[in-house]
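*Asks:* To convert a position in the sequence shown, counted from 1, into my numbering, add 987.
Take the hints with a grain of salt, since some may be wrong.
Stated by the list, open to error - Label pairs and their calculated CB-CB ranges: (1) 998 with 1159: 24 to 32 angstroms; (2) 1080 with 1114: 27 to 35 angstroms; (3) 1190 with 1064: 37 to 45 angstroms; (4) 1163 with 1109: 30 to 38 angstroms; (5) 1193 with 1139: 26 to 34 angstroms; (6) 1077 with 1117: 38 to 46 angstroms; (7) 1166 with 1195: 40 to 48 angstroms; (8) 999 with 1159: 40 to 48 angstroms.
Read the hints as simulated data drawn from the structure, not as lab findings.
Note that CB positions come from ideal geometry on N, CA and C, so glycine has one too.
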Amino acid sequence: MKTKKHDTRWMVSVALMAAIIIVLANTPLGMIQLPVIKATTVHIPVIIGAILLGPGAGAILGAVFGICSLISNTMAPTLLSFAFSPFMSTTGIVGAIKAIWISVGCRVLIGVAAGWLWILLNKLKVNQTIALPIVGFAGSMVNTITVMGSIYLLFAQQYAEAKEVAITAVWGLVMGTVTASGIPEAIAAAILVLAVGKVLIGVFRRMNIGTI
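Whole structure, please, built from the sequences with the hints as guidance.
*Replies:* Here's what the structure looks like:
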């Protein structure tokens, strides 16, 4: 009976985190205005969910984030939607598969990486105040690096055409995005994961939910 109750609480917790992701993905709450750019916050519940509920939950939440991204890029396409929506592919079925990898696969990796990094840091007995921001920063960078890296490896030609630059300039543009957007987002994630995670860890421990 206790195991079933625990499993039910785990599933409900995953569902609540998924609901938060959907809300963030579809409202201005999913963006933080920084001095130069807007930083996304949608990946933060994925990271926190992976910490509280394990890598499996992190993978599920990452998939929810990815599906939201796919839908958004399909319903409200932008210049680079071909890299995030299989329905906007300019290179047929192969391009559609690549787009699914970038929009969903890369986001699944956020939760998996964050969950296992948290487990590793716990085994090493790293203080939570240090471990939480590390996981937050790393999880966010996994998002930026895998997405932008995949765009460079899989869609360099299309990216160059969309940006109206030579293909030799794509690497510089990708690295510029990682630096200008990815790092500020990772810093914001480190701070928010520390602040929110610290509180939720205590709550989840008292309720005997998850892996913490």
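*Asks:* All hints, please: hold or fail.
*Replies:* Structure-based check of each hint:
no. : hint                               : in the structure
1   : 998 with 1159: 24 to 32 angstroms  : violated, 45 angstroms
2   : 1080 with 1114: 27 to 35 angstroms : violated, 49 angstroms
3   : 1190 with 1064: 37 to 45 angstroms : holds, 40 angstroms
4   : 1163 with 1109: 30 to 38 angstroms : holds, 36 angstroms
5   : 1193 with 1139: 26 to 34 angstroms : violated, 45 angstroms
6   : 1077 with 1117: 38 to 46 angstroms : holds, 45 angstroms
7   : 1166 with 1195: 40 to 48 angstroms : holds, 42 angstroms
8   : 999 with 1159: 40 to 48 angstroms  : holds, 46 angstroms
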